[in-house]
Amino acid sequence: MCGIAGLIHRGKSSKVGFELQGMLQALKHRGEDSTGYALYGDTEGKNFIMRVKVGENVGEGSSSIAEDVSVYDERKKIVESYLSEMGAKIVKEERILPYSLRYEVQYDKKDLLEFSQKIESIPGVEILSMGKSLEVIKDLGNAKMVCDRYNLDKVIGTHAIGHARMATESGVDIKSAHPFWGYPFSDVSVVHNGQLTNYWNNRRALENKGMRFMSECDSELIAVYIAEKMRDGASLEEGMKESLTGLDGVFTYFVATKDSLGMAKDTMAAKPLVLYESDDLVAMGSEEIAIRSILPQEIDTYDPFDGEVKVWQI
Amino acid sequence: MANLKNTEKKTKSQAMGMHTEVLTGRTQQKFFNPDEAENFYYFGTYDVDFNKRTDLDVKDMTAAEANKKIDGLMSEGYGTIVIKNPQGKHSLGVGILNKLNLIFEGSLGYFGMGSCDGPIVRINGRVGWSCAENLMAGKVVIEKNAGSCFGAAIRGGDLICKGSVGARTGIDMKGGTIIIGGDAGAFTGFMMQRGRIIILGDVGINLGDSMYDGTIFVGGEVGSYGSDAVDAELTKSDQDWLKRKLKVAEIGENFDVSKMKKIVAGKKLWNYDNLEPTEKKGAI
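If you read the sequences in order, they're chains A and B.
Note that my numbering has the first sequence beginning at 1, numbered continuously upward.
Note that my numbering has the second sequence beginning at 1, numbered continuously upward.
Keep in mind that the hints are not guaranteed to be accurate.
Claimed, not checked - Below, a list of computed lysine to aspartate or glutamate pairs in the DMTMM-like style, where the Cα atoms sit at most 20 Å apart:
1. B:LYS59 - A:GLU298
2. B:LYS84 - A:ASP153
3. B:LYS84 - A:GLU298
4. A:LYS28 - B:ASP60
To be verified - Okay, the calculated bits of chain A under chain B, using three or more residues with CB under 8 Å as the criterion:
5. 85-91
6. 198-204
7. 260-271
Derived by calculation from the structure, the hints in this document are not laboratory data.
We put the beta carbon where it would ideally sit given N, CA and C, even for glycine.
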């Protein structure tokens, strides 16, 4: 069934990694095959942060095939050589886990399509996120496990979205875990709860337009769908509103950009969402207990209605 | 074929292929002897005194622990229980089968007050999905908003939300009354079979979709009507009933009920077999 959570602080920064961990952990009964975070740093840096995986987590019920760490090493070398070829200068490099890399790169070109295609032409390599404030971290296990593994509780930022996943129609692996990066747009991420029934029709149409899919998870379609609308000049809100008719099935999803956070609910209102909104904070999740993890005091919350789209700015 | 005329009772039943068990003694008395008053009570119900009041802080309890504690307090005769810090926990207050004044100082998560029969409940907060599902009797009042599937499959009692509710309110309801002070989402009254829903605000799309029976009253705008939901005349007795019900619910004071819409089942879907083929198309 999956659980989603998101929050945005308006006019200030906070420990969004810690807060989102609490929200997602409260939803762990909705699925703990994998958990993902899309965290937005409080200030836009000069350089891009690229989160990339060169392999899969093969433990903890993973559906992936085990590979030797030397394979990851080899892929890492190719990634770095390609970065150099494209004129991207590595400012800082971290290898958090054998298969998980974080690069801070100086890259002057704005079009990330060619850049991403080059990096992802390496078999087994996927860019999880690319942005100046966005970092997508996702792995197998519940929110606490992933948070501890990647030291996310100290991350300061303005907004964040996350996902606790119960794998149903695709594998238990990082590539099928949410959030999905809105490839090839920097700083766009998506999480989704529900099922899309026109996935393949939309996927074929979007692939013909040059968009890329990395998994067979239906939720990835939302990220690609919105990205394609934005590529054609639509605003985030316009793209989300179009998705209410363009996407078929049941869904509640969140999209975040470097300075905004949006939610959309399908016209059947078949997937839950509880929302809290104040002047300085918006928090939302599949269940109220997610919001209660950061706001234990009595607050006013509500369920958005069917076909509702909302977008908030930092 | 066996000769049933000339056989004994027992062998006759065996010959007919029926079981031979004879219900005697307590088994029969328990269900059919009205003199045994105690048999009219559910197992696990208690005599409580409404004037005997206590607080229960459930902040550090699981839902199961909290519900067990409520049950324990009722067994001690407490008739008024105030629950502190529910903090959106799921499944609180479920399965209460006797009279009780229950007050929640805060919000509930999913399935709050499910499968209850008799308590009077006030929730000074919000409730999540499927609040008071299967309510048989009693009264549940929510001071703020409610999630989807509010009052799903209720059989009786009054369910009142002073704020707005999500989608599929009163889905499959078979009796009782649901009163909404604010707006309601899509598919309100979906497949309802009996009972009444009152909404003072607006309603989303597909109102009363596939309803079999029952009545929906709407004070605001309707997004769209569902299949087989039709308008009906709002009678004087309807208006009197609405005024009385809103007064008891302490909601919608001075609301002009004469302008409300009344929606009922067209009764074409459930009477499908009696329709001509052309009428079937119309019903769909």
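- prompt: Taking a Cβ-to-Cβ distance below 8 Å as contact, does the region 85-91 of chain A have at least three residues touching chain B?
  reply: It is violated, with 0 qualifying residues against the three required.
Check of the region 260-271 of chain A against chain B for coverage (Cβ-Cβ below 8 Å, three residues minimum): holds (count 4)
message: Check the hint pairing LYS28 (chain A) with ASP60 (chain B) against an upper bound of 20 Å on the C-alpha distance.
response: With a Cα-Cα distance of about 18 Å, the restraint between LYS28 (chain A) and ASP60 (chain B) holds, given a limit of 20 Å.
task: Take the region 198-204 of chain A, compare each residue's beta carbon with every beta carbon of chain B, and decide whether three or more fall closer than 8 Å.
output: violated (count 0)
Proposed proximity, GLU298 (chain A) with LYS59 (chain B) (alpha carbon, max 20 Å): holds (13 Å)
message: LYS84 (chain B) and GLU298 (chain A) were given as a pair; does the straight-line alpha-carbon distance stay at or below 20 Å?
response: Since the Cα atoms of LYS84 (chain B) and GLU298 (chain A) sit roughly 11 Å apart, the hinted pair holds (cutoff 20 Å).
query: Between LYS84 (chain B) and ASP153 (chain A), is the straight-line Cα distance small enough, at 20 Å or below?
result: violated (30 Å)
The structure shown violates the earlier hints numbered 2, 5, 6.
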